[in-house]
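As given, the protein sequences belong to chains A and B, one line each in that order. Per the working numbering, the very first residue in the first sequence carries number 1; after that it's consecutive. Per the working numbering, the very first residue in the second sequence carries number 1001; after that it's consecutive.
Heads up, none of these hints are tricks.
Chain B is nowhere near these chain A residues, computed Cβ spacing over 10 Å in every case:
1. Thr2
2. Trp3
3. Pro23
4. Gly108
5. Gln109
6. Leu111
7. Pro118
8. Val119
9. Thr122
10. His127
11. Thr129
12. Thr150
13. Ala169
Selected chain A positions facing chain B (Cβ under 10 Å, derived; list incomplete):
14. Ala20
15. Leu41
16. Val43
17. Ala55
18. Thr56
19. Tyr59
20. Leu63
21. Ala80
22. Gln89
Below, computed lysine-lysine pairings styled on BS3-like, alpha-carbon distance capped at 27 Å:
23. Lys12(A) x Lys1192(B)
24. Lys1176(B) x Lys1118(B)
25. Lys1099(B) x Lys1152(B)
26. Lys1118(B) x Lys1009(B)
27. Lys1152(B) x Lys1176(B)
28. Lys145(A) x Lys12(A)
29. Lys1099(B) x Lys12(A)
30. Lys1192(B) x Lys145(A)
31. Lys1009(B) x Lys1176(B)
FYI, nobody ran anything at the bench for these hints, they're computed from the structure. Ideal Cβ placement from N, Cα and C applies to all residues, glycine included.
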Amino acid sequence: MTWSDTLLRILKDNDIRLIAYVPDNVLTPLIAGVSADNYFLPVNATREDEAIGTATGAYMAGLRGAVMMQTSGFALIANALASLVLPYQIPTVMVISERGTMGEFNIGQALVARTMRPVLDTLGIVHHTLSDEANMQFIVDSSIKQAYATQAPVAFILSPLLTGGNPAAKAKLKI
Amino acid sequence: MNDERNAVKTLNRSALTELLVRRLRHDEAVIGGIGNSNFDLFAAGHRPQNFYMLGSMGLACPIALGVALAQPERGVIALEGDGSILMGLGCLATIANLKPRNLTLIIWDNGIYQITGKQRAATAGASDIVAIARGAGINHSAWVRDEQHFEKLLDRRFDDGGPVLLAVKVDDQPGKGQTPRDPTLIRSRFMKGLGTGRSAGLEI
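My request is simple: use the sequences and hints to build the entire structure.
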């Protein structure tokens, strides 16, 4: 099993069907897996805050969802988290592919990445960095269950240690 | 397209919201966007299937999309302002491609950011919400010509025929009510209204 197969299986085990996402290179196997499996309901959103809104509506109407984005996309959703997800106590499962570290070629990604964990910490949002497939099952499954039990969001950050990072980076890092 | 927009009568959001709420017969979910859209929805008489958005400007239509996807047999209506939809136009493309047949978007267009001091919006100038929606791919998009036209457009099943977008030119009057600022209560009551609450036994 690859890390992406494992992650999708854990989402399934927790009845998470709606996957709202904005594409990213690292997320490609997840998006492909979601699109190939009728169990999932993919929502190809145009912005990350839009994806958060759709997952929120679905949750309130009885359908569990997850939101997938990259690091820079997370930087767009502080207001949606602070004015919708947190005050309305919406258990929002976020999957964030980590850019800006361990071989980033884009200075904008490297800079915006610095805001991600401080924003999560400032808002008091539980987050786990996934770097090893061996403990993914325990971390992700238990944290999703905690999110729904406590009506709180949770963020899973996909480290390049897990995913191999952006496959397009290697060629662009040559100087 | 602007000819169609220029031919419409300017209506009153509060009055039309009351008219809409009176017409709902099948426990349709109504998502009221930030500010006057949800204030008028609340003032029209609270219903268990109402959701009042107190922040997250621009997300009323994405929230309504999520409700519509989760409960495809229920009609879902989003009430959103022109300034708000301008903030998140991309959701129109998402909705056009997913084609939820049970989703109706009503855009109140007063051409201003009424609640922050009546500053002019792009919709007061060259930007036409119906043209934008059609361009995004929501084919059933129309300007509401007058009260009678609005009533006629509402005389349909909300659980079918969508996605539909109705844009209404409205005056600069503020909302009539003030929604209680208690997000967890709003969420809890809304979920109970949709049959998804988990607080059984705690609420009378």
